[in-house]
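Peer 1: Counting in my numbering, the sequence shown runs from 42 upward without gaps.
None of these hints come from the bench; they were simulated from the model. Glycine residues also receive a C-beta, built at the ideal position from the N, C-alpha and C atoms. Any given hint might turn out to be false.
Computed beta-carbon distance windows for the label pairs [what the hints assert, rightly or not]:
{"id": "1", "residue 1": "T296", "residue 2": "I461", "range": "39 to 45 Å"}
{"id": "2", "residue 1": "P110", "residue 2": "D434", "range": "35 to 41 Å"}
{"id": "3", "residue 1": "P182", "residue 2": "D73", "range": "31 to 37 Å"}
{"id": "4", "residue 1": "R226", "residue 2": "G294", "range": "26 to 32 Å"}
{"id": "5", "residue 1": "P218", "residue 2": "R247", "range": "34 to 40 Å"}
{"id": "6", "residue 1": "P218", "residue 2": "G294", "range": "40 to 46 Å"}
Calculated cross-link-like contacts (lysine to aspartate or glutamate; reagent style EDC-like; alpha-carbon spacing at most 16 Å) [what the hints assert, rightly or not]:
{"id": "7", "residue 1": "K452", "residue 2": "E136"}
{"id": "8", "residue 1": "K161", "residue 2": "E183"}
{"id": "9", "residue 1": "K433", "residue 2": "E373"}
{"id": "10", "residue 1": "K140", "residue 2": "E451"}
{"id": "11", "residue 1": "K95", "residue 2": "D76"}
{"id": "12", "residue 1": "K408", "residue 2": "E451"}
{"id": "13", "residue 1": "K354", "residue 2": "E373"}
{"id": "14", "residue 1": "K354", "residue 2": "D377"}
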Amino acid sequence: MIVIVLAASLAATHPRAAAAQDDSATKAPLSDQVDRLVRQMAQGSRASRDRAEKQLIELGPDVLVYLPPIDRQMPEELKVRLRRITSALEDRLAESVWKARRFSLSGKRPIAEWLKEIEKQTGNRLVAEDLPSGPVAVELPETDFWPGLDRLLDQWQLDVDIYGAHVGALTLGRRLPDRLSRAKRAAYAGPLRIEATRVQLSRDLRAARPATALVELELAWEPRVAPIAVEFPMSEFYAVDGAGERHESTAGGATPTFPVRPGMSAVTLAIPFPAPDRSVKRWTRMGGACRLLVPGELAEFEFTDLSKPSVQKKASVQVRYQKIVQNGDVWELRLDLEYDETFTGLDSHRGWVEDNPIYLIGPDGKKLEPLGLELTQQTRHAMGFAFLFDLKDEPARYKLFYATPAKILEKEVKFELPEILLP
Numbered sequence: 042m043i044v045i046v047l048a049a050s051l052a053a054t055h056p057r058a059a060a061a062q063d064d065s066a067t068k069a070p071l072s073d074q075v076d077r078l079v080r081q082m083a084q085g086s087r088a089s090r091d092r093a094e095k096q097l098i099e100l101g102p103d104v105l106v107y108l109p110p111i112d113r114q115m116p117e118e119l120k121v122r123l124r125r126i127t128s129a130l131e132d133r134l135a136e137s138v139w140k141a142r143r144f145s146l147s148g149k150r151p152i153a154e155w156l157k158e159i160e161k162q163t164g165n166r167l168v169a170e171d172l173p174s175g176p177v178a179v180e181l182p183e184t185d186f187w188p189g190l191d192r193l194l195d196q197w198q199l200d201v202d203i204y205g206a207h208v209g210a211l212t213l214g215r216r217l218p219d220r221l222s223r224a225k226r227a228a229y230a231g232p233l234r235i236e237a238t239r240v241q242l243s244r245d246l247r248a249a250r251p252a253t254a255l256v257e258l259e260l261a262w263e264p265r266v267a268p269i270a271v272e273f274p275m276s277e278f279y280a281v282d283g284a285g286e287r288h289e290s291t292a293g294g295a296t297p298t299f300p301v302r303p304g305m306s307a308v309t310l311a312i313p314f315p316a317p318d319r320s321v322k323r324w325t326r327m328g329g330a331c332r333l334l335v336p337g338e339l340a341e342f343e344f345t346d347l348s349k350p351s352v353q354k355k356a357s358v359q360v361r362y363q364k365i366v367q368n369g370d371v372w373e374l375r376l377d378l379e380y381d382e383t384f385t386g387l388d389s390h391r392g393w394v395e396d397n398p399i400y401l402i403g404p405d406g407k408k409l410e411p412l413g414l415e416l417t418q419q420t421r422h423a424m425g426f427a428f429l430f431d432l433k434d435e436p437a438r439y440k441l442f443y444a445t446p447a448k449i450l451e452k453e454v455k456f457e458l459p460e461i462l463l464p
């Protein structure tokens, strides 16, 4: 025991010994690394404790399941450090939803099997009917989801049906014979794909206004992401012609907003520009921006004692269980949801939160889902709900499980589209 303590002390005080210990620790299983670093935070010097905290955060969100629960016997400083680590890693986990998923393929399989492999690697479900049944050779090095999928759809002569009725999935179908390459006409940003799909020149013969060029824009997202709402600030849209002249959208300060309903995989928008001179055959580029409210990764909450109110917090969300009371033939369970940040539009878009998983686990271990729900309050950062359950036993014999995004992300994306041919 003395030798171990002495070795630990030397590693904590001698830089070269500490570096050697850190290097060997990175090769140990993650659970062992976490145990060692937590002990270091409790027993080492100040510099050693700081280094251990930093290393735990650098190990990433997988650390969360191995961190010890905070209890009363812990030194106060250790409690503070564990809370700080947990908060930082939960925030990082919530933010990770915005990163484009990546995948790679190599071999020869039927297209249906390739789609399953893409789903396995990215978490993005792809649904297709009437596919060719024979094996298809694919060699695709690791790439982001949308650029990789576009290359494959070009190869397989398939397309995305944005009006497909599959919730949480992209619907694929055979491509029309005259369709151009998907990979050459899109811009990509994280989990988003942006494309100009149509240009129309029009003139209102009843008004003394110049002719207008309407550009139809399609913004799609990876199906695992599903934004809450998307808005487009029209003042950010412009087009540049071959002479380098910049043309602003005529929509001025308008900011159209689109709530995203279950089953949607994209939104479309018509952007007005001044009609170009007939001699202009193309715009060399077109730019714009969008702002999105995006749910982060789900955080799970479990309440084991329904006889009294209880509050739990993870990352940026706080869930408050209030009570469960009988209301006629059903039981009414009150639950409040509150985020740290205030979000414009959150009070008018709530379809996403109504889809959050919630159920009770009874004494027999079976799940009991609610019969329905009622909204009890709604602000720009909080919501309250009453969930209705048909219980067969006393409420105290049940446990409550609830999951909700650990954070609501506000993302602004600026993009530029490649060359646009004009009518």
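Peer 1: Each hint should be assessed against the structure and marked as holding or not.
Peer 2: Against the structure, the hints:
1. T296 - I461: 39 to 45 Å: This hint is violated: roughly 23 Å between Cβ atoms.
2. P110 - D434: 35 to 41 Å: violated, 28 Å
3. P182 - D73: 31 to 37 Å: holds, 34 Å
4. R226 - G294: 26 to 32 Å: At 29 Å between Cβs, range holds.
5. P218 - R247: 34 to 40 Å: holds, 39 Å
6. P218 - G294: 40 to 46 Å: holds, 42 Å
7. K452 - E136: Distance ~11 Å between K452 and E136 Cα, so the pair holds.
8. K161 - E183: holds, 14 Å
9. K433 - E373: Holds, at about 14 Å.
10. K140 - E451: holds, 14 Å
11. K95 - D76: At roughly 14 Å apart (the allowed maximum being 16 Å), D76 and K95 satisfy the hint.
12. K408 - E451: Violated, at roughly 34 Å.
13. K354 - E373: Answer violated: K354 to E373 is near 23 Å, above 16 Å.
14. K354 - D377: holds, 12 Å
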